[in-house]
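*Asks:* Sequence:
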Amino acid sequence: MALSQRHHARCSCAAAAAAPFALAGTERKYERDRPFRIVHLAVDLQLHFAKKSVSGSATLEFERVSPTDDALVLDALGFELGRVRIDTGDGWSDVPHEYDGDQIRISVPTRVEKGKVEIDYRATPRRGLYFLAPDAVVKDRPEQVWSQCQDEDARHFVPCHDKPHVKMTTEMRVRVGEGMTVLSNGELVFKDTPRGASPWVFHFKMNQPHPSYLLTLVAGQFDVIEDRDAVVGEGRAVPVTYWVPPGKKPDGLRAFSETPRMIELFSKLTGVPYPWSRYSQVVVSDFIFGGMENTTATTMYEHILLDARAAIDVVSHDLVAHELAHQWFGDFVTCRDWSHGWLNEGFATFFEQVEREDRLGRDEYLYGIEAELDAYTTEASGRYQRPIVCRDYALPIDLFDRHLYEKGCLVLHMLRTELGDATFWKGVHGYLERHAHGIVETNDLMRALESVSGRSLERFFDAWVYRPGHPVVKVKVSYEDGLLTVGVKQTQKTGETAVFSFDLEVEVADKAGRTRRHKKTVTSEADALVVACHERPAWVGVDPELRIVGEVTLEAPAEMLRAQLDGGTSARLRWSAAQALGKRFDLPTLRALDKALSKPGEAWMVRAEAATALGKIRGEHALEILLDQVGVEHPK
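If you want our numbering, it's the position in the sequence shown, counting the first as 1, plus 27.
Please keep in mind that the hints were generated in silico from the structure rather than gathered at the bench.
It should be emphasised that the depicted structure is a prediction, and the values quoted were computed from it without experimental measurement.
Ideal Cβ positions, reconstructed from N, Cα and C, are used throughout, including at glycine.
Among the clues, some could well be false.
What the hints assert, rightly or not - Below are the DSSO-like pairs computed for lysine-lysine, each with C-alpha atoms no more than 27 Å apart in a straight line:
no., residue 1, residue 2
1, Lys276, Lys218
2, Lys643, Lys501
3, Lys503, Lys643
4, Lys453, Lys503
5, Lys79, Lys166
6, Lys622, Lys663
7, Lys546, Lys501
8, Lys143, Lys166
9, Lys232, Lys218
10, Lys538, Lys622
11, Lys218, Lys78
12, Lys516, Lys501
13, Lys516, Lys610
14, Lys516, Lys547
15, Lys503, Lys622
16, Lys79, Lys218
17, Lys79, Lys232
18, Lys275, Lys166
19, Lys516, Lys546
20, Lys503, Lys547
21, Lys453, Lys546
22, Lys547, Lys501
23, Lys141, Lys232
24, Lys610, Lys626
25, Lys503, Lys663
26, Lys143, Lys232
27, Lys503, Lys520
28, Lys516, Lys643
29, Lys610, Lys538
Unchecked claim - Label-pair restraints from in silico Cβ distances:
no., residue 1, residue 2, range
30, Ala51, Arg618, 49 to 59 Å
31, Glu170, Val659, 37 to 47 Å
32, Asp129, Arg486, 25 to 35 Å
33, Glu291, Ser625, 33 to 43 Å
34, Ala398, Gly646, 26 to 36 Å
35, Pro584, Ser408, 27 to 37 Å
With the hints as extra help, turn the sequences into a complete structure.
*Replies:* This is the structure:
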C-alpha cells in the first residue's frame, strides 16, 4: 500500500513534540491462533447500490490443525446472518453457531478433519467496501464500488480469518447492473451479460493462495487499455491491462506504460519471474490511499493520471513501481503479522528507487535514497522513534509510518551496499524462493542473506530493525602536516539507541584531478580516518555511496567544498558540497553556487541543491543570483 500521493511529494510529517510511539497501557499484539486452516474462500455477492449493501453467501473450505479445538472462528463485522451450514463429506446440514456482531463461532466436532461451511448473509459495510454515486456536492462522481481491505477490513463484507498469516485460494462471483464491468483477483472464468432486468454476472478465480487483505472487488464503467505483454522467465507472457475512467486513455498510457518493463526488470533482479498469470491496474474515484497492491489487480487513486503539462513536473513511475513490487513482497511472500510489515512496505519503497536507478542512473537512485532518509529522520526527530519490528501499537494502521516505509527501504539499501549487488540479489532470490506463496518474518530475510554471504547479520538487524534510532554524526575534515583527518563523532542519545557501526568512506582528489577512495569501519562514539597525503587535497568527498544512514553534519574547509562542487566525480558528491556550502556566507561561496546553478549541463539535483543553499544563505547577493535564474528551463 502506498500512503497518500507518493508519486508527487512525500507525505508531510506533523510537527509534534517527541513522544513514545505507543501510549502507556497499549496492549502488545501477538499472532492469533489458527486451529483450522482456511484453504479456499468462494464469495457470491449481489451489489445493492441504492442501499450501499451486499447480499449473498460465502463458502469456506477448511482443514483441521488443532486436534482438540471445536470452534471455527471467522471475522464478520455487522452482518445479518442467514443460514449457516456445514458439509463434512455427508452432505450439507445446519450447524450450531454463535455470532456476537464481530465473530462467528461455528461448532466443528473434533472427529472432523476437513470440510466446508456456507454462510448466507447481508451486510452494509462501514469499511472494506465502498459505494460511490453522484450527490449534490459532487455531481460528476461516477457510480462505482471498490474494496480496500488492508489492514483488516475484509471482515466488513466477507466472513474470513482476517489476518495476513492465513493465505487461501479465492473466487469471487459478483452480480451488478447492466453496463457495469467488474475486476477482481485472478482470472475471469465466467461472464454473463443478459439483456433486460437480469443482473450481469462476473466470476473470477484465484488459483494461488493469498490473504484476505488482498481481496479486491471493483465495479463500474471503465476504458480498458491492453498494453504489450511482459515477457518473464523462459518466454512466459504476462498480459498487462490498465482500467481508467472513460475518456482517460491518453493519461492512462502516460501513467502506466512503463509497467511491462518494470515487470521484466523486477523479475530479472529477484530471479523470480512475475508470480501471477496477469497484472491489471485500475483507477477509481475517491480512493483513500495512493494505491493498493491487491493480488493481480492493483487499485490506484485518480491523481496518478497526469495530463501532459503536469507530467513535465512529476511522474507516476514511483507509485506504479511501489505497488508492482508488492506482487512479490507482500502478495507472493506475506508478512506473518503486521509487526513485520516492513517486509512488505520497505521492499516496495526500496523498489521505487531500484526502478529509478534502472531508468535514470545511479545518481538519481542515491538522490531518491536521500529523500527517503530525509522523510524518515523528519519523523524520527520530530515525532517519535520506534523499532521497525514493533508489537506495541493500538491499531495495525499505526505501523504504516515513515519507519515502516522509508526506514525499511534504508535498511535494504544498507544491506545492498554492504553485501554488494550480486550477493544481495542472490539472497533476495533465496528468500522469495524458499517462502514462495507463504508467510515470512524478519529472521527469514536475515537468514537468507546470511546463507549466501557467510556473514553474521544479527548485530546489524538488532541495531537497525529491532531497536529504535539512527546515528547522528558530526564529520570534520582537516589537513595538517601531510595528514588528512576525517573525524567522526556520534551524538545521538544513548540508551535503547546504541552507538552504531557504519563504514566511513571518503573520496580524495588531488590537484591533478586523480581520485582515491579510503574506507574505515566506525564502531565507537568517536573515531577518525587518517590518510597520508603528500599535498593538500583539492577536495574530500565524504560518504559518496550514502553508507551513513542518519543525520550527518559536515564541516570542511570552504575551498575544498567549492572545488568539490565544481569537480566532484559524481552528482552525489557535488550536491553534497552544495548542501554543506549553504552554511557559509562569503562571496567565493556565492560565486561557486551561482556557477553550479547556471550550468545547463549539470545534473538537476546539483542545481536544485545549489538553489536551496542560496535560499538558506539569504541576503541581497543570494537573492540576485536566484532572480537571475528564475527562467531556467529544467522543470525540476
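*Asks:* Holds or violated: Lys516 and Lys643, Cα atoms, limit 27 Å.
*Replies:* holds (25 Å)
*Asks:* Straight-line Cα separation of Lys218 and Lys78 no greater than 27 Å?
*Replies:* holds (25 Å)
*Asks:* For Lys232 and Lys218, compute the direct alpha-carbon distance and say whether it is at most 27 Å.
*Replies:* Judged against 27 Å, a Cα distance of about 12 Å means the pair holds.
*Asks:* Within 27 Å, alpha carbon to alpha carbon, are Lys79 and Lys232?
*Replies:* The given pair, whose Cα atoms are some 25 Å apart, holds under the 27 Å limit.
*Asks:* Would the hint linking Lys503 and Lys622 be met if the CA-CA limit is 27 Å?
*Replies:* The given pair, whose Cα atoms are some 25 Å apart, holds under the 27 Å limit.
*Asks:* Would you check the hint for Lys538 and Lys622, treating anything up to 27 Å between C-alpha atoms as holding?
*Replies:* holds (20 Å)
*Asks:* Against the 27 Å threshold, does the CA-CA distance of Lys503 and Lys520 hold or violate the hint?
*Replies:* Since the Cα atoms of Lys503 and Lys520 sit roughly 20 Å apart, the hinted pair holds (cutoff 27 Å).
*Asks:* Is the Cα-Cα distance between Lys516 and Lys547 27 Å or less?
*Replies:* holds (14 Å)
*Asks:* Are Lys547 and Lys501 close enough, with their CA atoms no more than 27 Å apart?
*Replies:* Given pair Lys547, Lys501 holds - Cα atoms ~16 Å apart, limit 27 Å.
*Asks:* Does Lys453 pair with Lys503 here, judged by a C-alpha cut-off of 27 Å?
*Replies:* violated (37 Å)
*Asks:* Just to be sure I understand the hint, the distance between the Cβ atoms of Glu170 and Val659 should be within 37 to 47 Å; is that true here?
*Replies:* Holds, at about 46 Å.
*Asks:* Quickly compare the C-alpha distance for Lys79 and Lys218 to 27 Å and report which way the hint goes.
*Replies:* holds (23 Å)
The structure shown violates the earlier hints numbered 4, 8, 25, 32.
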